[in-house]
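Undergrad: Hey, can you work out the whole structure from these sequences and the hints?
In order, the protein sequence lines correspond to chains A and B.
Going by our numbering, the first residue of the first sequence is number 1, and it counts up by one from there.
Going by our numbering, the first residue of the second sequence is number 1, and it counts up by one from there.
Calculated from the structure, these hints are not laboratory results.
Bear in mind that the values here come from a model prediction, so they are computed numbers and not experimental data.
Zero decoy hints are in this set.
Simulated pairs of lysine-lysine, PhoX-like, Cα-Cα distance not exceeding 25 angstroms:
{"no.": "1", "chain 1": "B", "residue 1": "Lys270", "chain 2": "A", "residue 2": "Lys349"}
{"no.": "2", "chain 1": "A", "residue 1": "Lys224", "chain 2": "A", "residue 2": "Lys421"}
{"no.": "3", "chain 1": "A", "residue 1": "Lys224", "chain 2": "B", "residue 2": "Lys27"}
{"no.": "4", "chain 1": "A", "residue 1": "Lys349", "chain 2": "B", "residue 2": "Lys243"}
{"no.": "5", "chain 1": "B", "residue 1": "Lys210", "chain 2": "B", "residue 2": "Lys180"}
{"no.": "6", "chain 1": "B", "residue 1": "Lys243", "chain 2": "A", "residue 2": "Lys412"}
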Amino acid sequence: MEVDMLKKVPVHEQDPAARARNFEEVCEGYTKEEAMAEASRCLGCKKPLCVSGCPVSIHIPEFISAAKQGNFEEAARILAESSSLPAVCGRVCPQEKQCESKCIRGIKGEAVSIGKLERFVADWAREHHVDLSKTEPANGKKVAVVGAGPAGLTCAGDLAKKGYDVTIFEALHEPGGVLVYGIPEFRLPKDKVVAEEVENVKKLGVKIETDTIIGKTVTIDELKEKEGFQAFFIGSGAGLPMFMGIPGETASGVFSANEFLTRNNLMKAFREDYDTPIHSGKKVVVVGGGNVAMDAARTALRLGSEVHVVYRRSEKELPARAEEVHHAKEEGIQFDLLRNPVEILTDDKGWVKGIRVIKMELGEPDASGRRKPVPVEGSEYEIECDTVIMSLGTTPNPLIGNTTKGLELNKKKCIVADEEKGQTSREGIFAGGDAVTGAATVILAMGAGKAAARGIDEYLSGK
Amino acid sequence: MFEILKKRKLADKIWLMDIEARRIAEKCLPGEFLIVKIDQEGERIPLTVCDYDREKGTVTIVFQEVGASTYRMADLKEGDFFMDVVGPLGNASDLTKLDPEKLKNMSILYVAGGVGTAPVYPQIKWLKEHGVIADAVEGAKNKDLVIMEDEMRAVLGDHLYMMTDDGSYGHKGMVTEGIKDLVQNQGKHYDICVAIGPMIMMKFVCLLTKELNIPTVVSMNPIMVDGTGMCGACRIHVGDEVKFACVDGPEFDGHLVNFDEAMSRSRMYKTEEGRAFLKIQEGNSHHGGCGECGGDR
Chain A
1 MEVDMLKKVP VHEQDPAARA RNFEEVCEGY TKEEAMAEAS RCLGCKKPLC
51 VSGCPVSIHI PEFISAAKQG NFEEAARILA ESSSLPAVCG RVCPQEKQCE
101 SKCIRGIKGE AVSIGKLERF VADWAREHHV DLSKTEPANG KKVAVVGAGP
151 AGLTCAGDLA KKGYDVTIFE ALHEPGGVLV YGIPEFRLPK DKVVAEEVEN
201 VKKLGVKIET DTIIGKTVTI DELKEKEGFQ AFFIGSGAGL PMFMGIPGET
251 ASGVFSANEF LTRNNLMKAF REDYDTPIHS GKKVVVVGGG NVAMDAARTA
301 LRLGSEVHVV YRRSEKELPA RAEEVHHAKE EGIQFDLLRN PVEILTDDKG
351 WVKGIRVIKM ELGEPDASGR RKPVPVEGSE YEIECDTVIM SLGTTPNPLI
401 GNTTKGLELN KKKCIVADEE KGQTSREGIF AGGDAVTGAA TVILAMGAGK
451 AAARGIDEYL SGK
Chain B
1 MFEILKKRKL ADKIWLMDIE ARRIAEKCLP GEFLIVKIDQ EGERIPLTVC
51 DYDREKGTVT IVFQEVGAST YRMADLKEGD FFMDVVGPLG NASDLTKLDP
101 EKLKNMSILY VAGGVGTAPV YPQIKWLKEH GVIADAVEGA KNKDLVIMED
151 EMRAVLGDHL YMMTDDGSYG HKGMVTEGIK DLVQNQGKHY DICVAIGPMI
201 MMKFVCLLTK ELNIPTVVSM NPIMVDGTGM CGACRIHVGD EVKFACVDGP
251 EFDGHLVNFD EAMSRSRMYK TEEGRAFLKI QEGNSHHGGC GECGGDR
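TA: This is the structure in structure tokens:
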């Protein structure tokens, strides 16, 4: 296969018109030949900058080198040393801002497609049933992990590899956290990828108790006193949706992106054989510009709606990954940029009939370094719609903080934990992921889970 | 998996079940709720705790067949399992947090409407265990829809004021008539009223108790998905504030709740649910054309 060293080997994607009407995965991934060809673009740098861009420090040149030679089993082993969820990360990491942003190939041409290679290797290993469950002998020490999302699964996996007896407690009926309730099927297949990655963590000996809400069903202190757990990791995420506080937000037909996506992804409302209903009207307005907003918009589109994204800044400031915005546009999502909602309009039955927005312009840079949007006086107008999805970010769930004595929280209700090892204000309790940082990415949560696993190991082995 | 140890029909389309769920049974208190899910395809159904047995490790739920999942739940038998039962969720009734001495001197009126009688039961039972016999007005559409009278009677004796809309049992009229009779004709004084039932009933009880100057607590049962604060589907206006019934409630000051909005929101999925329900009842024989379900669109 011929390779243009300046360009990524293109990856197959479902045709935009077709995929706008189904929930199958958008990106179809590399073939073996394509993966080997793309791997041959890696320069194998002695001082690999890409690794420094990876929150879990995957040995990138090494795994790509193995892939180049077609030794995918070895490549998978190298990935497994650093990541418990490579098939997930290869799909949802913002590589363009992390590893790939540091790639030397990227100076003159396009960076090596590290993410797509990671995905290929992880998928290959799964399809070829490669056993990666190497663990040290059991040491009999019990660790409880709160939340079976990316942070919790990573922390649990790392500790199990070291011989700890780990139980994850999950509030929902299925493990995966944001990977199952938040990210849609067309970006991250649930049965094929997420369930399999969870299965791999279980193969390491990790037990998962679903339907258990720490702070309600049982508290951390009870687990410690009555059930013999010696250390804890809290990775409960940032699950509470934010709203704007504008009139009409409690009207029928207004949803948080969390509700809309949870109905569709976790409860599988898009499938005929599931009971949970979902409402996606004729014309849907999604408010917000992050990855979650893109997910909600593209889900509504697939449910048959005309979809507009309303965002208060310009395209350049959209926080969503460039790839997601590109895909959304290809599929026919319309972007009403530099607009901010001021009111949701309702009919006499309490249903949404439109949204009143004001035009914005960009002023001076604000604390985030982005230019601050300023309303243009007298520019308000109405957009007709029958569904509004609010995607403005999330905040941590206060349940655990409120029911665990001595656990320090900051002003935003995030758990205070040190970055290096996840240590909280209470001995033996560690935390990481969105519960600590507020809403961030899957890979940062995994990085925090990893760091905390090291912290817990030091804490318990020093005992 | 959570085993159904007991199943009992309370009235047409209304069922009671005892489910084995040890961790929840150990913890739950009156006022809190659970979420049950029948199987992989089932919806998450929030149901207020109706009783619990800490020794046996069981919790009791009462539900009415209203949608696809509850319709299928009615088919479960003793010995069958729910795939998921999670809880306790929400906050326990404020009365359970009061100083017991203060509680003993309180005069409390319960108003229970229809299936709402079930979540009232653990509250009056708990109060009796703490030395308080409340008064209760229990209302139903007609005699056949009266539920849990024996249980209520066992706790309250003649403090139970039974009524039906059509007069086929007990006093005739709406529960508000019962409240008026107790307060205005019998001269009873209440420190607090707790009303649990259909939203329309709670709305009218609150309009009356406001006039009568009785502080009133209601238990809201809006649409929910996760029940832990994540989806925000259950948000309601309480005064000027937006609250999540799942984590801030489910009990609120009834005089501040915006019932009209809550009722409108609770009808949000009517069309979608109707469609799913018809599919179960009629299977593949239903191809739209009924004008209701949109199956032909």
